[in-house]
Amino acid sequence: MAADVASGSTVIVVDGVTKHYPGVRALTDAHLSIRAGEIRALLGRNGAGKSTLIRVLSGVERPDTGTVAVAGENLGDGGVRRAADLGINTVHQELSLVSELSVAENLYLGRWPRKGGAVDYAAMRSGAAEVFARLGLDIDPAAPVGSLSLASRQLVEICRAVREQPRLLILDEPTSALAAAEVDVVLETVTRIASAGVAVLYVSHRLEEIRRIAHSATVMRDGRIVDTVDVGDADTATIVSLMLGDTAKAAERPPERDVDRDGTPLLSVRGLAVPPKVLDVSFDLYAGEVLGIGGLMGSGRTEVLRALAGFDPARSGTISVEGTTIAHPTAAVMKRLGVGMTPEDRKDEGVVPLLGVDENLVLSKFAAVSSGPTVRPGLVRRAAERLIGRLSIATASARTPIVNLSGGNQQKAVIGRWLHAGSRILLLDEPTRGVDVHAKAEIYRLVRELAEAGAAIVFVSGELEELPLVCDRVLTLRDGRVAAELTGRELTTDSVLSAAMAA
Amino acid sequence: MTATQTTPQQRRGRVGGPFAGRSLNEIGLIAAIVVLYIVLGSTAAGFLSLDNQLGMLRDAATVGIAAWGVTLVIIAGEIDISIGPAVAFSSVLVAKGAAEWGLGIPLAVLLTLAAGAAWGGLAGWLRARFDVPSFIATLGIWSALGGLGLYLTDALPVVLPESGLMDVLGGSILGIPTPAIVMVVLFFVFAYVARYTGYGRSVYAVGGNAPAARMAGINLSRVRVLLFATTGLLSAITGVLLAARLGSGNGGAASGLEFDVIAAVVIGGTALAGGRGTMLGTLLGVGFITVIGNGLVLLGVNSFLQNVVRGVIIVAAVLVNVIITKRARATRET
Chain A
1 MAADVASGST VIVVDGVTKH YPGVRALTDA HLSIRAGEIR ALLGRNGAGK STLIRVLSGV
61 ERPDTGTVAV AGENLGDGGV RRAADLGINT VHQELSLVSE LSVAENLYLG RWPRKGGAVD
121 YAAMRSGAAE VFARLGLDID PAAPVGSLSL ASRQLVEICR AVREQPRLLI LDEPTSALAA
181 AEVDVVLETV TRIASAGVAV LYVSHRLEEI RRIAHSATVM RDGRIVDTVD VGDADTATIV
241 SLMLGDTAKA AERPPERDVD RDGTPLLSVR GLAVPPKVLD VSFDLYAGEV LGIGGLMGSG
301 RTEVLRALAG FDPARSGTIS VEGTTIAHPT AAVMKRLGVG MTPEDRKDEG VVPLLGVDEN
361 LVLSKFAAVS SGPTVRPGLV RRAAERLIGR LSIATASART PIVNLSGGNQ QKAVIGRWLH
421 AGSRILLLDE PTRGVDVHAK AEIYRLVREL AEAGAAIVFV SGELEELPLV CDRVLTLRDG
481 RVAAELTGRE LTTDSVLSAA MAA
Chain B
1 MTATQTTPQQ RRGRVGGPFA GRSLNEIGLI AAIVVLYIVL GSTAAGFLSL DNQLGMLRDA
61 ATVGIAAWGV TLVIIAGEID ISIGPAVAFS SVLVAKGAAE WGLGIPLAVL LTLAAGAAWG
121 GLAGWLRARF DVPSFIATLG IWSALGGLGL YLTDALPVVL PESGLMDVLG GSILGIPTPA
181 IVMVVLFFVF AYVARYTGYG RSVYAVGGNA PAARMAGINL SRVRVLLFAT TGLLSAITGV
241 LLAARLGSGN GGAASGLEFD VIAAVVIGGT ALAGGRGTML GTLLGVGFIT VIGNGLVLLG
301 VNSFLQNVVR GVIIVAAVLV NVIITKRARA TRET
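Chains as they are written, first to last, in full-length UniProt numbering: chain A, 1 to 503; chain B, 1 to 334.
Among the hints, erroneous ones may be present.
[What the hints assert, rightly or not] Derived coverage of chain A by chain B (criterion: at least 3 residues anywhere in the stretch with Cβ under 8 Å from a Cβ of chain B; other residues may be distant):
id	region
1	97 to 105
2	112 to 124
[Claimed, not checked] Take a look, some chain A residues computed to stay more than 12 Å from chain B by CB distance:
id	residue
3	Gly16
4	Arg81
5	Glu94
6	Leu109
7	Gly146
8	Arg160
9	Ala237
10	Ala439
11	Glu485
I should point out that these hints are in silico values taken from the structure, not numbers from a laboratory.
Because the structure is a prediction, the values reported are computed rather than measured.
Ideal Cβ placement from N, Cα and C applies to all residues, glycine included.
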């Protein structure tokens, strides 16, 4: 692979680019060059500076210092338009297609070809068919995008960029939302695009993919480019240690605790399948235990929790609570059995922003603060204040609208809601997402305390390095299956990350 | 290499535009109208007579002309509830202009059409520039024009002066009611606009995924202003035709027309959430509503009860549509 690429001319050169945001040095003295036909992987943890680099390359952000040049021409201060003119095309993570329109129309969205003033559907269809034929794709240009699979939509998105004949194609985690079987087509397509002489910058967390298609990999950490390695030469451990540096390893594991795993598990899952994301997941969860579930985006983490909470029906598998198999695990049934789930998206699915902290806490069980059909304000206040004290929620008063609280305190209230309902099995989906370091530590502490008080907790996180800090045991998911179970001494940041990424 | 194949079943969803293939909803509506014709033809005296059929065409025009514009508005994810008062006010404006302000008929008509485009454009500008929800912007127009039409006339009809132009607009050409001819011509214009102009396709893109449309360089504000300017203009046309037919402008005319228009569009399969809808569907929706309205009158149903029956039928028609759409989506995703 590397041989034919070495001959390609250099398409893009990033020279000493630095970008500061107020208080943050997002990108420091970045140097990078990619040749025509080369697929360059871009690796790094969340917050390592990948997004900033992409934003600078695609003209969205202007660097404080340094230059970006395409085939010798400087990007300068030209912004998005100039970047597009120079042939830099970016496919962003969130899809930007109109699902009611046809594939061909989406390829030409806003730039529909005309013939005598009328939109020329024939030209659009043949143009789309030509792009698909060139890339060996079997997609019907006349089909509405909404009828396509997620993978095909991703391909359409890539083809839209390809139609504009880019010199550098930037792909930001194009496979993260796809099931394993769908990934192949995307990878093959990217390979074909590159072999036509396009330089590709490919962001992904999946090492296996990177090994299959990339020639080289650039690793970022803390806003710096740490190294660029030949993918063939570097083993997984090397890449992981480049990504992590020394800092993460220093973090403290909590002291080992004895979880009584002899009796009946509080929650038992066998062969759970919710296609296409979850194929086969089994585990037992005991009272007093914090079980971590880690995995990359798209590995099926959230889908497992949603099935356990009864929000989505499972295709197959059994869920048992205290040894009793649940025949019809609907949301109402699981709630009654003491299962409570806090969602990943706190803002949209977690809090009711304009209600007070008190009502946000008690809305899981109004019956507990009512006499007869009437909700008693006094009972609401007392229940809320008890929880606010127990969870140390920092709020001016129980009635303060919950949007006025910090993210970490909002998260505590969302967890507290299930304590109010008397839940014993807590399913926490990304409970530390978007909260600061201090709040993270508080949430870890709270989770440990709840477990010690007898709750059984599933702690899902995409920030794999936090799992050893809070969990007694960790399952890593990969492609909808349990890839590894780590406990005791084996449970380290390195081992979790390797298990989730490794080929 | 094989990418995901599109099965014929998956292609059942509609792309938009009147000539792109038939959806279940449209076939269902055609069937419903045929059934109504058979039932009413055999039970309602005079339903099939030429006079009644021509009368239905004239009634259809009152709903249909505005419905073409409202279809685009709803596809774009917006709503316009100002139609009824806007039509009434237009009829007042054209009558006042011709009879009291001495403009003469042609100039009064032009003034009315320009005014319609202007108040529609104002609603669109409020939506585009200040993010005033279109429901509220057009509710304001609804209330203001309704009040103004009655205020200017003291709720009395304003008689139009004799005029050959108005006789033609209110009468027939070769036996066919002029409003119906206008409606049909405008139908083809709007069907073309929706399917074959950049503006029409932008409307679908904005309604389907506004952020994606913006990223693709589509000017959202321009689209939104144009949408409401168009419905304002179409309301004015309907108002002029109505005045011509009645021989007067009437501030209380066309009361409740906005709901007939919206019902016709939604029955025709246009999604209130935006992104999906066709002119052909709306045409069938207009036909459906007109036939039912006419049939209920001919059957001698109590006029208060007519509203009850229509309410039930409208909800039932949309319910069927929603169920069909859901089922189609479910088969697609598994």
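Now the hints, each set against the structure:
Coverage of the region 97 to 105 of chain A by chain B holds [criterion: at least 3 residues with CB-CB distance below 8 Å; count 7]. Under a criterion of three residues with beta carbons nearer than 8 Å to beta carbons of chain B, the stated coverage of the region 112 to 124 of chain A is upheld, 5 such residues being counted. In this structure Gly16 of chain A is separated from chain B by more than 12 Å, as the shortest Cβ-Cβ distance comes to about 30 Å. For Arg81 of chain A, the requirement that its beta carbon stay farther than 12 Å from each beta carbon of chain B is not met, with the minimum near 10 Å.
Distance check for Glu94 of chain A against chain B: the nearest CB is about 9 Å away, which does not clear 12 Å, and the non-interface claim fails. A Cβ of chain B approaches the Cβ of Leu109 of chain A within 12 Å, the least distance being about 4 Å, so the stated non-interface status is violated. Against chain B, the non-interface label of Gly146 of chain A is violated: not every CB pair exceeds 12 Å, the least being about 6 Å. Taking the minimum C-beta to C-beta distance to chain B, about 9 Å, the non-interface status of Arg160 of chain A is violated against the 12 Å cut.
At roughly 33 Å from the closest C-beta of chain B, the C-beta of Ala237 of chain A stays outside 12 Å, upholding its exclusion from the interface. No beta-carbon of chain B is positioned within 12 Å of the beta-carbon of Ala439 of chain A; the least distance is around 30 Å. The claim that Glu485 of chain A is not at the interface with chain B holds, since no C-beta of that chain comes within 12 Å of its own (minimum 31 Å).
Figure legend: structure checked against the earlier numbered hints; hints not met, in rising order: 4, 5, 6, 7, 8.
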